[in-house]
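Asker: In case you want the letters, here they are:
2 protein chains.
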Amino acid sequence: MKLTRKEEIVIVAAKLFKEKGYSAVSMRDIAQQMDIKAASLYNHIKGKQEILSSLVLHVAEKFTNSTQSITSQDGTALQRLKKLIEVHIDITVHHADAIAALNNDWMHLDGQDLLDFIAMRDQYEENFRSIIKQGIQTQQIKAKEPEVILFSILSTLRTLYLWNEKRGKLEVNVLKKELVSVLISGIV
Amino acid sequence: MKLTRKEEIVIVAAKLFKEKGYSAVSMRDIAQQMDIKAASLYNHIKGKQEILSSLVLHVAEKFTNSTQSITSQDGTALQRLKKLIEVHIDITVHHADAIAALNNDWMHLDGQDLLDFIAMRDQYEENFRSIIKQGIQTQQIKAKEPEVILFSILSTLRTLYLWNEKRGKLEVNVLKKELVSVLISGIV
DNA sequence: TTACAAAACTAACGATTGTTAGTTACAATA
DNA sequence: TATTGTAACTAACAATCGTTAGTTTTGTAA
Chain A
8 MKLTRKEEIV
18 IVAAKLFKEK
28 GYSAVSMRDI
38 AQQMDIKAAS
48 LYNHIKGKQE
58 ILSSLVLHVA
68 EKFTNSTQSI
78 TSQDGTALQR
88 LKKLIEVHID
98 ITVHHADAIA
108 ALNNDWMHLD
118 GQDLLDFIAM
128 RDQYEENFRS
138 IIKQGIQTQQ
148 IKAKEPEVIL
158 FSILSTLRTL
168 YLWNEKRGKL
178 EVNVLKKELV
188 SVLISGIV
Chain B
8 MKLTRKEEIV
18 IVAAKLFKEK
28 GYSAVSMRDI
38 AQQMDIKAAS
48 LYNHIKGKQE
58 ILSSLVLHVA
68 EKFTNSTQSI
78 TSQDGTALQR
88 LKKLIEVHID
98 ITVHHADAIA
108 ALNNDWMHLD
118 GQDLLDFIAM
128 RDQYEENFRS
138 IIKQGIQTQQ
148 IKAKEPEVIL
158 FSILSTLRTL
168 YLWNEKRGKL
178 EVNVLKKELV
188 SVLISGIV
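In the order they appear, the protein sequences are chains A and B.
If you use the numbering used here, the first sequence corresponds to residues 8 to 195, in order.
If you use the numbering used here, the second sequence corresponds to residues 8 to 195, in order.
Some hints here could point you the wrong way.
Note that identical chains are pooled: a pair holds if it fits in a single copy or bridges any two copies.
With a cut-off of at most 30 Å between alpha-carbon atoms, the simulated DSSO-like pairs for lysine-lysine come out as follows [unchecked claim]:
hint	residue 1	residue 2
1	K90	K183
2	K13	K90
3	K176	K140
4	K183	K44
5	K27	K176
6	K13	K183
7	K44	K9
8	K69	K13
9	K55	K89
Hints were generated in silico from the structure; no laboratory data involved.
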């Protein structure tokens, strides 16, 4: 599948954003990386903000949709949690750079884009939380502080994009199996 | 204990860096937050870079020293790991803003400061890794991929600064106990 | 070959950046 | 009271920022 010029720009920008953050990357940096001048970028995009919002909102939708779908299907809390972890890993592996922006640069979105992002983020978190609470209720999950469990798993998944480069030869399915085991059963 | 003017600046800057990142915060932003003009900052600091390096290197040393100390004391791998988690929580609770900069803005350090930081970070990680490997060898820890375990625990601890605000009424000692339990024993 | 659209270019804009120079206000000390 | 050091100020600098206007090159279809 052939990429539009705009998509190319977004991909290149994402890589730069990941290295130095949105604010530290100039339009001239992005242009240089594409071997064109900064002004030429504006033939394809409205501005710097559009690059960020394309990047962040697109992958945020993926997360929201997949959790929504898991929550609506049936299954025990643990089955759902496992599925959630696996889906998160899949998205991370395929959109590592975009996730960096989602994690670190979402606050530089403006206007409606920012509101939309926060809404999706909250919904995602709420879905996650409800699965954990369901697990505690059915006693599949130890009755610990649900917020501690939520935070612990979520922060591991959110930071996976950083670690995925060093993943090296570890195959995706092995990673899934190991991470599910560590996050759910612990290490002892 | 009375703070020097420089320390006040660093503290105020840290709070702003946490919100928007180092690059998106201007000297004028920092000055405004202190009710002075930007030029006045330079009576106390050499420049923006010095604010960042004071912030990051200071807390990085804390981490390095504490892991070093734990590694040199005796104890089983699990005892050490538990201690490591607890110390990490203590430092996070007391230096949340600085840790934000350490996590997100370290790449904007320059020259020797950057090299020093990377050295400390690598050493910290290596100490952590050796404890986990020791645990696997003595069979206190399940023989999973050590890198997966390392990553999982470390990313939870590193993101704790974000979550600590929402910690709310959860007392520090409760947090320690819960988090140690979740990270080591899992949730089932 | 001509016509048209896509995508590059040059040049420049106003705003903001980190920082410097030189000066002034104020409090403590001699 | 005179002196001195601290910490503020105003004004401005060169560089860089995102962006716009207008023009030229390039590739494709008629």
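Asker: Evaluate each hint against the coordinates.
Answerer: Now for the hints, and whether the structure bears them out:
1. For the homomeric pair K90 and K183, the shortest alpha-carbon distances inside one copy (10 Å) and between copies (28 Å) are both at most 30 Å.
2. Taking CA atoms no more than 30 Å apart as the test, K13 paired with K90 passes in neither setting, with 33 Å inside one copy and 50 Å between copies.
3. Proximity of K176 to K140 under the C-alpha cut-off of 30 Å is restricted to the inter-copy arrangement: shortest distance 19 Å between copies versus 36 Å within a copy.
4. Taking CA atoms no more than 30 Å apart as the test, K183 paired with K44 passes in neither setting, with 42 Å inside one copy and 53 Å between copies.
5. For a Cα distance limit of 30 Å, the shortest separation of K27 from K176 inside one copy, 26 Å, qualifies, whereas the shortest one across copies, 35 Å, does not.
6. In this homomeric assembly, K13 and K183 never come within 30 Å of each other (Cα to Cα): the closest approach is 33 Å inside a single copy and 47 Å across copies.
7. For a Cα distance limit of 30 Å, the shortest separation of K44 from K9 inside one copy, 23 Å, qualifies, whereas the shortest one across copies, 52 Å, does not.
8. For the identical chains of this complex, K69 and K13 are intra-copy neighbours only, at 20 Å inside a copy versus 45 Å across copies, given an alpha-carbon limit of 30 Å.
9. Neither within a single protomer nor between protomers do K55 and K89 lie at most 30 Å apart by alpha-carbon distance, with minima of 37 Å and 45 Å respectively.
Violated hints, in rising order: 2, 4, 6, 9; the structure is consistent with all others.
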